[in-house]
Amino acid sequence: MITILREFVQSFLTFLERVGLLVRFALRLAAILPTGMLRPRPIIEQVYNTGAMSLVIIMTCGLFIGMVLGLQGYDLLTRFGSEEYLGTATAISLLRELGPVVTALLFAGRAGTALAAELGLMRATDQIAAMEIMAVDPMRRVVLPRFLGGVIAMPLLVSIFIVVALFGAQLVGVEFFGVDSGSYWSQMRSAVELSDIREGLVKGLVFGVACSLIAVYEGYNAVPTAEGVGRATTRTVVISAVVTLILDYILTALML
Amino acid sequence: MNKQSGPAAASAPAVQSPSIAVLRDVHFAVDSGKTVFSGLDIEIRRGAVTAIMGPSGTGKTTLLKLITGQVCADRGQVVVDGLDVARLKRKQIFALRRRMGMLFQNGALLTDLDVFENVAFPLREHTRLPERLIRTIVLTKLHAVGLRGAAALYPQQLSGGMGRRVALARAIVMDPEILIYDEPFAGLDPISMGVVLRLIRSLNDALGITSIVVTHDVREISQIADSSFILSEGKVVASGTTAELRDHPSPIVHQFVDGLADGPVPFHYPAADYHEQLLGGTVFA
Chain A
913 MITILREFVQ SFLTFLERVG LLVRFALRLA AILPTGMLRP RPIIEQVYNT
963 GAMSLVIIMT CGLFIGMVLG LQGYDLLTRF GSEEYLGTAT AISLLRELGP
1013 VVTALLFAGR AGTALAAELG LMRATDQIAA MEIMAVDPMR RVVLPRFLGG
1063 VIAMPLLVSI FIVVALFGAQ LVGVEFFGVD SGSYWSQMRS AVELSDIREG
1113 LVKGLVFGVA CSLIAVYEGY NAVPTAEGVG RATTRTVVIS AVVTLILDYI
1163 LTALML
Chain B
194 MNKQSGPAAA SAPAVQSPSI AVLRDVHFAV DSGKTVFSGL DIEIRRGAVT
244 AIMGPSGTGK TTLLKLITGQ VCADRGQVVV DGLDVARLKR KQIFALRRRM
294 GMLFQNGALL TDLDVFENVA FPLREHTRLP ERLIRTIVLT KLHAVGLRGA
344 AALYPQQLSG GMGRRVALAR AIVMDPEILI YDEPFAGLDP ISMGVVLRLI
394 RSLNDALGIT SIVVTHDVRE ISQIADSSFI LSEGKVVASG TTAELRDHPS
444 PIVHQFVDGL ADGPVPFHYP AADYHEQLLG GTVFA
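Chains as they are written, first to last, in our numbering: chain A, 913 to 1168; chain B, 194 to 478.
Hint data in this document are derived by calculation from the structure and do not stem from the laboratory. Since the model is a prediction, treat every value here as computed from it, not as a measurement. Any given hint might turn out to be false.
[Stated by the list, open to error] Cβ-to-Cβ under 7 Å is the rule here; a few derived chain B residues that face chain A:
(1) Arg292
(2) Phe297
(3) Leu303
(4) Asp307
(5) Arg328
(6) Pro383
Just so you know, even glycine gets a beta-carbon here, dropped at the ideal spot from N, CA and C.
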């Protein structure tokens, strides 16, 4: 019993230590943020690497999730004779929840792991140490642009995901099941409010900060071995997914 | 050349001492508690090629980390060009490092940049030189290591020796006063090894710099080193010219210089009795 208690306390202390290290890392990033913004080129390159390179997976998944929403939504709404509300239902569920959450999960799997692996390999191959020896701060030169690239890319990816998913739902609802196209779009326009769009974008931004921070932190602090880099990428996905869902609940509760 | 002159504390003293780096009674242990140095004393002469040698795990790379301020000694003093490294602030350490160049064991080239950009990297980070001048400097340095024609290649397209030479061009691009080499010959074929060996000597003499070379390769480094130190068990066990080391009475120096498999540094890692372990059936005793 004492052993179990000791292990629990030890795990809790380790958890607190890791949270503290992550917060310290975030504060260091925040401190160099103003000067880091003066060099937009590497940030733009990272928006391309994390954002544009994730477009195919985001758009493909957006299309199919929209089509599933179209199927399920149509099936449910026909039970109440309200299939003309299909556009409204899909739009609100995508804007408020599915868009930001699914994009964040996909982002963690595609861009987050790439960031963590890249930084971990840079550490393992002494590229980070080489920068320090060349009197170049790797946090400013390598970590900050990657973090900001992810933060900027995420709301853009969320928007694209939602738009593609809406067309996916329209494809199934209107083209396959014959829901009136005018009803689909006009009901959506009249029911969706600016606050719904704001909620989606705020969530996208917050998830972008969280997922990018976790990815660069795990990669930058990876143990410089093949196993260490593997663990860092795995932790990136797992922690990002859990943190995204916890933050989603908190943000939803705050914005309802 | 520097964008901003370094803080006063990190600039070279007015009167130059004959020693560029001095380590006095340095004690250092790693996080796991293992002692790396226990009273290390080394004095590295300005303008010379100094070899740091010793069996694996004796802390040669740690010594370089102490000189470059990547780690701090638990006790003792590390003075580089008159500056106590432990007392320097981060900015001052960076100013000191701008006067150093380092060649890593694996080159440590930035894989997302081509050869030209790798060499230009310190110039772009620390200076505001016009593009034309950067181009001229980079091509000059690449020419010095014989790789001007490889400027457009990426690190993945280079052989081990070529990568090491590009890293060398990058290390000298800011015209450093101290050039540090961490195992520069590891994994190189004889031709590449000869090229790197000659480059170390010729760059040292042509640029009037100080070179510190950490290596295991006694025969190769003895051709170019002005003086050498052999480390073992946290201390310097021998120092002097190659000839002096060859005639050194210490058995560990004799074992290291002659490359003997067994001696004070045992061939076998400490283990249980061989026969007992074979007959006992347990894998680990």
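Which earlier hints turn out false for this structure, listed by number in ascending order? As far as the earlier hints go, 1, 4, 5 and 6 are violated by this structure, in ascending order.
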